Amino acid sequence: MIALLRTYLRPYRRALALVVGLLVVQALATLYLPELNGDIIDNGVAKGDTAYILSTGALMLGISLVVVVASIVAVYWGSKTGMAFGRDVRSAIFRTVESFSRAELERFGTASLITRNTNDVQQVQMVVLMGLNMMIIAPILAVGGVVMALRQDVPLAGILVVILPIMAVIVGTLMYRALPMFQAVQRKIDRVNQVTREALSGIRVIRAFVRTRHEEERFDVANRDLTASTLQVNRLFALMIPLLMLVFNLSTVAILWFGSIRVDSGEMPIGNLIAFLQYVMQILMAVMMAVFMFVMVPRAVVSSGRIQEVLRTEPSIGDPATPATPPPGPGALEFRDVEFRYPGAQDAVLRDISLRIEAGRTTAIVGSTGSGKSTLINLIPRFYDVTEGGLSIDGTDVRELRRDDLWARIGLIPQKAFLFSGTIASNLRFGRADATEDELWEALRIAQADGFVRDLADGLDSPVTQGGANLSGGQRQRLAIARALVKRPEIFVFDDSFSALDFKTDSLLRAALAREIAAATVVIVAQRVGTIMGADRIVVLDGGTIVGSGTHHELMASCETYREIVYSQLSEEEAA
Amino acid sequence: MSGPTGGAAGGARRPPPRGFGGGGPFGGPGLPPEKPKDFRGTFGRLARTLRPELGLILIVVVFAIVSVACSAVGPKLLGGATDILFEGVVSQQLPPGVTQQQAVDDLRAAGQTEQADMLASMTLTPGAGVDFTALRNVLLLVATVYLLSSAFSWAQAYIMAGVSQRTVYRMRRDVDDKLSRMPLRYFDSHSRGDTLSRVTNDIDNIANSLQQTMTQLITAVCTIVAVLAMMLWISPLLAVISLLTVPLSIVVTIFVAKRSQIQFAAQWAQTGALNGHVEEMHTGHSIVKAFGRQHEAIERFDLENERLFQASYRAQFLSGTIQPAMGFIANVNYVLICVIGGIQVANGQMSLGDVQAFVQYSRQFAMPITQTASIANVIQSAVASAERVFELLDEAEETPDVAYAGIRRAVAGRVELQDVSFRYLPDVPLIEDLDLVVEPGETVAIVGPTGAGKTTLVNLLMRFYEIDEGAIRIDGIDSRQMSRDELRSTFGMVLQDTWLFHGTIRENIAYGRDDATEEEIVAAAQAAHVDHFVRTLPDGYDTVLDDDATSVSQGEKQLLTIARAFLADRRILILDEATSSVDTRTEVLIQRAMARLMVGRTSFVIAHRLSTIRDAHTILVMDHGRIIEQGTHEALLARRGFYFDLYDSQFAEPLLEAS
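Going line by line, the protein sequences match chains G and V.
Quick note: the first sequence uses my numbering, first residue 1, plus one each step.
Quick note: the second sequence uses my numbering, first residue 1, plus one each step.
The reader is advised that the hints may include incorrect statements.
A short, non-exhaustive set of chain V residues, derived as facing chain G with CB atoms under 7 Å [as the list claims (entries may be wrong)]:
id, residue
1, Phe39
2, Phe43
3, Gly129
4, Asp131
5, Ala134
6, Leu135
7, Thr200
8, Gly272
9, Asn275
10, Ala290
11, Phe301
12, Phe309
13, Gly342
14, Tyr465
Chain V regions said to be covered by chain G (calculated; three or more residues, Cβ under 8 Å) [claimed, not checked]:
id, stretch
15, 176-184
16, 466-477
From chain G, some residues computed to sit far from chain V (all C-beta separations above 12 Å) [unchecked claim]:
id, residue
17, Leu16
18, Leu236
19, Leu311
20, Thr545
Hints were generated in silico from the structure; no laboratory data involved.
All values derive from a computational prediction rather than experimental measurement.
Each residue gets a CB set at the ideal place from its N, CA and C atoms; glycine is no exception.
My request is simple: use the sequences and hints to build the entire structure.
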């Protein structure tokens, strides 16, 4: 946590210095008040000097005014600094995540990254904010209180030597025991979330399998578990405040007793005793304040650990130091002896892949589940990097290009069509912000999406909710295709992008694509034989290697795996 | 379920949640809304949820009163100790042997009227020094009182932790139970994230608030009352002066809170906007990159982030000024007490110990008032969350079931739809007067273009939605005459959307049957051709499936759901595009297994494969949500209608292209 604070508070050194300065002023002024109070008693009350009481009272008021002004200015700069800290950390996390490749993203999980950028930052930010108010002033008050108490009477201050360690032990022990409990609570919240999320996403299956009661029980277990853990922490903390209050209160009793002895023997004036009592209260108040703060610290420590984990992750895929100039075209791809394995995996997903994808032609990739089709395609935009061999675009290795240059040439249509909140037009313009409305309609027409978009009340300006949830799967998929078309890249990559379409739309779409983007390089991964039969070349993958390559007819003659795939979907006369 | 959530629950005493309301993994929707719509109603209802704990709450209140009373008496007693000490000190200054009255008279004679008055109000023996026996007795009493105060305060907090956690436990349980009684219609029309957020974030918010506010509120109120009583007892004059600061404090608090509330609302709204953006950009990470949009994503983030910063620092600053302002008011009060108290002591109208006690009380008095102000904030937020939870609890439920008669196994599987009408929206007719008889073992293929509403029929068969008119009969029994569980237990289902829960593969396959033996599970896996795959995993059938498990592909998940249907062994099957995301080669195997599974079972198949369609006894052709044609393959082809076109385009064209 310290490292995180040091890095992200550095730009605000001046503001911090100002806040600390103001807090010191505030603390000193606050400490001076009991002194004046003692003074009133010794020199005013005890002597019955009303004028003295009044003049000292006026001085006290003036000091109070100093305190309030100092603390309001301090709060202003403290809030600003604390919130700016949060803003900067969030920004750093977001930028880091934007630089991540798929591997890092999957390692953390999207949901976790979101939580880290919001809730975790929030936890740390609150501690910074509180710190800028109380955590700074508490030690000043405590130290100042000790100094002032010593000024009142040195031997009596010995009591502090006993009290302060007792308090430290109490707080320390409770904190030490609470930390693992907090972590347990956090895990159990996760579990409740998980069970609920599953119950919502699987609601049809649960009801179809008559498992509602079972799910309720599962939830109940998680719920009980969370309740028990939270209760444990809360009961532990229920002990803290009464215990500290007891120490605090008993200290005042002890001070009065020992103080009385010293007053009686004439070693200490009574006004000093009363002031001393107030200083000790101030010290203990400061300690209590710090303790309240410390309740937040364990969580913040956990949170900053999670933040640092993200910030310290180097994206495994980055831009080269000296990027090559992007080749002008025409969009040919070549895989040379490519091997790919996921980090830490024993077996390679792809092995010995050597493949030229000709510019301007349609290349289809088929294979069974786990054959590595999607992985192969993910290598092209460098969502993953090859672990052996090389992949080049028009003769330049993709790893030598800036990723922006690489991506500019690829139009990706992912398996899961993801749209962004906005309008249909804003989604279509994702790849090219300056596309005209005519160009958008043209893309929609090719993607077989012009019909339904026209039917919408607002046409191109119809709203799209996040992820495209207000559209059907088929509509999303066609918009995703149109989005890539608007971009007009040299290479189109269809990652099983036709699966949500019915056969009719699928075939119309392919026919339109064949006419309209004839000049582009097309790479298609598909499950349906019908979708790929017409490709210029079909590459058959099995177990991560290429087992066949050629046209439909060539493969029907030569490739057993291909024949199996085809026969699984079509009868023999259809396949012929 | 991914990553730790850092949700808002769990923390013991935490300051009121400011800004990010609860988080949870869903970001955006998880914010406690700013302003409740019906504050009083919801607050009352929230209070009523505490009813089962009423007995304990009363005990808590009693304990709180005892604890506060004890700690309230403390300063007064300590003040007594100070007096004993002060008198001792004064007595030392008087020559021994003179009486107190003589000493007073001497002072008067010397013109020191004020000191004389002060002395007159004391009880002392000149020259005796401090009365340590009396002092010890007082201090022992004070120590005991403080010990009691702490003990009761601990007991009170301990019980309260149980009260609030149990209440929240019940609330979570009620909501979860409610979810299982709500119709699918609700889930299909509401954002999952939002519903989830109500179960988790909002309830967490309530949990924290309950824990925080209940004890604080009780203690604060008791403290105000007790301290006020003590102050009045010691000095009505000073008490009135102190009381003057109360309205001042309230005015200042309201003044600031009104303004900070606006900024807090802006902060929450902005947090939502930022969360939404982050969530969206992370979810669509690959697309953002592939389309070169990360610069725009960052720009937009910076914009939202800056707005959040502006709103939040203003909110923090404004709410942060309450504390110093209260401090100032308290200090003014303190000075006034010192001055006026000092004068009164000098005049002998008050003892020094009382002034000292009064100073302590006035300090104690200021704290609960500030506290109450902040509690009000927390309550606002909790009530807003409670409103969202109650809203969910008030949603319409499914019509009550007839009594559940247990799972039906021995059904023949005859399905009959008679004059069935159904519409999702009252004014958009979908299915009108549908008649269909499916004999045991027959197959119905449902075909139609994308978005034709092929799943509607599934919704009706399973009673996920209720039909408006007509009847659906299973083996001659109206499906509304069965409980939903009973009805559903006659169906086996494989949906396109492969749903597996966080648990082992074994548990997932056995989902439909608790009593399945190991052999049966393995047999089902073999039938679905997933046994081999499972055995290649390091943990085999004990492999734990995760929501975003990358170790199991979509196709393999699909196989597992098929195995699950195999094991459930129901007489009627619903296959909803079940094989569309299984890859082609596995599909051969599945097809065979499916064929075997369908033997002797009545099947409804949302079909994409020609062979399935041709072999079906009845084909239902759907378009725009309606069944427009119905019949056998040959009969429909002969009609040369919609089906003919569909068949032609779907299955003929690719063949032509390829050849």
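Of the hints given before, which are not true for this structure?
-> Failing hints, ascending: 1, 2, 4, 5, 8, 14, 16, 18.
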